[in-house]
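Visitor: Residues per chain are reported as follows:
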Amino acid sequence: MTRLLPALLVLFLAVAASLVAGARALPLVEYARAFAAYDLANPAHITLMQIRIPRLLGGLVAGAALGIAGTVMQTITRNPLADPGILGINAGAAFTLLLGGLLLGQPDAATVTLLALPGAALASALVFMLGGGMRGDAGPVRLTLAGAALNAMLLSLVSAIVLLRQESLDVFRFWVAGSLAEAGARPILFMALLAAGGGLVALAAAPRIEALLLGEALSRGLGTRPGWVQAAALVAVTLTTSAAVGVAGPIAFLGLIVPPIARRFAGSSLRMQLLVSALLGAALLLMADALGRVVIPPSEVRAGIMTALIGAPVFIWLARRVRSGAFG
Amino acid sequence: MRAAVLPLALVLAILASLMIGQLPVGPMALLHGALTGDGTGALVLKVIRGPRVMTAVGAGAALGLSGALFQTLFRNPLAAPDIMGFTSGSGLAIVVAVAAGLTLPVPLVAAAGGLVAAVLVALLAWRPGHSTPPLTLVLVGLGIGFATSALSSFALTSLPLNEAAEAQRWLTGSLNARAWDHAAQVWLALAMLAVLALSQLRPLEALELDSDLATGLGIRADRARWAIAAIAVLLAAAAVAVAGPVPFVALMAAPVGIRLARARDLKGRLMSGAMAGALILTLADLAAQAALPGVALPVGVATGLFGAPYLLWRLSREMKKGGL
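Note that the protein sequences, when read in sequence, are chains A and B. For what it's worth, my numbering labels the leading residue of the first sequence as 60, then goes sequentially. For what it's worth, my numbering labels the leading residue of the second sequence as 148, then goes sequentially.
I should point out that these hints are in silico values taken from the structure, not numbers from a laboratory. Glycine is no exception: its CB is placed at the ideal position from the N, C-alpha and C atoms. Don't take every hint at face value.
[Stated by the list, open to error] Stretch by stretch, here's where chain B covers chain A in the computed footprint (C-beta under 8 Å, at least three residues):
(1) 209-217
(2) 356-365
[To be verified] Examples of chain A residues lying across from chain B (beta carbon under 7 Å, computed):
(3) I320
(4) R323
(5) A371
(6) A378
So that you can see chain B by itself, here it is in the shape it has in the complex (with noise of 0.2 Å):
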């Protein structure tokens, strides 16, 4: 019963999002455009909100996914990577090279500015002889993040207005104006990635119980956990692609998904950390549409407000817990 929750949940929020907006179609009308491929419902579906929804539950799971990988290698419902400053990377290679005038491929650009972010993250939060904690990590993220909005924020001066207006959407994360390359570009990514990630998750397992155990089962702990943080980095990195460092989806998608399906094993608990990251996306983006009648918000907006304050709730939570 329980496990039906968030695919039920996702599809709703999907026809909501495909049914609400300034064009508003009922349900026959979409049904009708479906299967004829005329009609107001096939112009909603084929051009208007079909691809920007279908980007919508890729990115967000991609970043679910993400965050749901972060927080099981290092044990720490605060790891994720838009915490940690990864996502941020990514947006601001991505400005950068807009910015340069350069054209390499826009998911090539997040890749590398999100593991860029994360080599930098765990080598300056490296100490000899030590085993790093993950608040260390947290901590040193949010330091490489404050770099990155500085950057960012010298990018968006530096730049004529047009663009600059342009770029402040991206890095607030927005799914406007996405098409259908967008969405097969981020569900292409995604798909490789969980595959990744499913051969990974013995190790996966075995490390969060214990890393001393991980080595006794004959695994190499710490080319595992590289492995996989790499696969988490380019997650996100792939949804930054196509809808920007939208924040705190990836921080919520897990510890919502894993309340609401139920989950206990680590397969259940990841694919109900992406399920609940497209959920979000989804109703998030929904949201900052419809707020404003006649204003498109960006969903980067949303996701800021509500998030925010679930990040607070969090921690007094671990505070109670003494885990702070």
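Excised from the complex, chain A in its bound form (with noise of 0.2 Å):
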């Protein structure tokens, strides 16, 4: 438990900053106002309610889910620079979701951010297979290579069916930049339901996914079955990133950033590990977004632009190391 007050002490944190920041400055006595009476006549609490509050649930859906995605990942990878957004799963979670939602004109509708699941699926195998992530002895560079190949390849595919339908082009620059700011549009409740679902899986899976790490066969020794764990480890970061794209759109980095972190203040429990990284990737989210709120006013930065400008400098840097020694 001890172990989880630092994390929980961030999210605290972020969780003010993200319903203070905003072009709005609302008196602190009127966030107890809101809740207690709530008034529709008055402005301060229709901001709270309507744009805040649904930024924060989908902020901490969305980030909770990243930060296991992005745990998992380079657990099983052994692979330091893995990530959903790096990886390509994002990207086939978009295309699915977007492609469905161009068809049927409503990219945001719960039934619609359900096919952000085949897409998920399809790339998360596809890439791990390619970049022979799954054994964990692919090197990162290639594992890096093989996730921006398929990111490429899906992002002509995307671009060529928004470009035939240029009315598209206008929900879809800004759904692909991922944010925060329509949250309140999306499903969240079934989202955060997919996001538990995923890293209950990981959760459970975690004993066995260590074991795994310490070699096939002394974990075949120890009762574990590696097809099933590395299916379970799919099945989570298919759960998790689906649902944080159904949120937010895809939000690159956020599942690179954490895990290092999260690895420092929960010592070598896999379990612990995901438990702080749903704790950090929520309050790194939030953080992202409030910060994209207050930079450009009364513009705003979106929360997938900020963590791609914060995950960047930090992939260059772990990609020195690569080579170094360091990894291996």
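Since each chain comes alone in its own frame, lean on the hints to assemble the complex.
Guide: Shown next as structure tokens:
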């Protein structure tokens, strides 16, 4: 429990920042009043209940989901550069979701959001297979480039669709940048259940994943079946990534940054790492979102762009160490 | 015999690109138009498809030569200006310049963006006292690519819709609405930079073997490396200035060209890289336009669709050879 405390504290600060930051400054007393006596005529109450609270909830769901997805991916591939955005899983989820949304005309409906699942599942299976990531023997370079190739291919398909239907560009260009701004219109509760399902699978499989890391032969000796463990990891990554994409669109780099920090707080237990990742992922996304709201007022930088601008330098810093022996 | 394969294929691709389209023309009409200067053949040659095809050939050759130079310099088939983020740096610079309302010449903006990206990659990958492995350059370049694409999507979300559509086309890589001055511009840049590249042939040959050997031959290895890299970045920028950051052409061109032409010596390899680049871009543009009737897709969609599987295949091969 004590290991969770620092992460909880960070999350608490991020929640506060997320509620306070914005174009409109709200008097603190209104926060209490909005909950106690909600007044439809009061613009402060409307801002809080219709804009900031949905954003907060969306950030909690998407951030926690991406933190878990990143930790599972980095652990099972033994690759510090693994992230749902970098490896093309976000793009897979976004592709099928957008395709369905454009064909049915409703990208934010709960049923359409389910379309993220097959795309994410296919992309994660593909990139792990092609990148050799499942056996954990692929170098980071190969896995990352395989992800880049997958991203590029899906992006080509998406831009073909978008360019075929000019009117869809207006939706698409905002959607694809990833943001919590539209969280209020997205099926948050449904996605929260999806993310929770993914998280539970990851937590349940955690000891088996740890056993697998000892080596295939040894893990078999401990009664672990590698194929099942890998499948469970894929399911966890698919569910969490789809949920995050459904709430916030494709947000990259959160799954890259969070796991190494979580490891510092959580120690060596994978279960504890997963819990801390969920807390820190939510905190980081909420902070990126809050920061994006205040950097260039009155307009805002979308959260996905903020995480990419923070994440790209982290990626480069990690990439520099890849061949210098730090990762073997 | 083998040396004729690439030029022949390129000529056929150019002819096919001239003949196929919304207004199809036969070979005789084309010939008639070329000789007499009137009729549909002449219209297609002069206005409709002539400038576009020439731009495609020039930009493709520039990308191909750029990729061949990088791959030789770093002795790594994954080193290419598109993988390492240089072309997206050029593309971003153009979009930002247009969005900011600057009236600078596009090629200069593209060159500046590409050079900034390249210097950033080199600086960030540099570790004092260590030689930089090419794969670190590739990874750091990918990181720079992530940063530029984040900035590009920021530009896309802050532009008004019609400009955003234009910018989206630009960032995908497109040969739409190319005129003769685009073709002239890319060919001029290609000619000048190709001459410069040929002047660096001897240092490049030595560097490819061994940088100690190069030093022994009286070549200042670091200076030569920077000069060749700068030429290659500028070649890619020249292509981006007329066609946008078309993905994967620079990556694929040299391996495809060298295999088709069975080129051995350095000059032959560079030449076949350039010709293969021209061939790939011309064919990709033809495919992108003909794929769906009535809709002209940007060429970057086509190169993305078949370039990505190539990259995956290349990765698995490098893996088997133990290079990754």
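Visitor: Report the numbers of all earlier hints that the structure fails to satisfy, in ascending order.
Guide: 3 and 4
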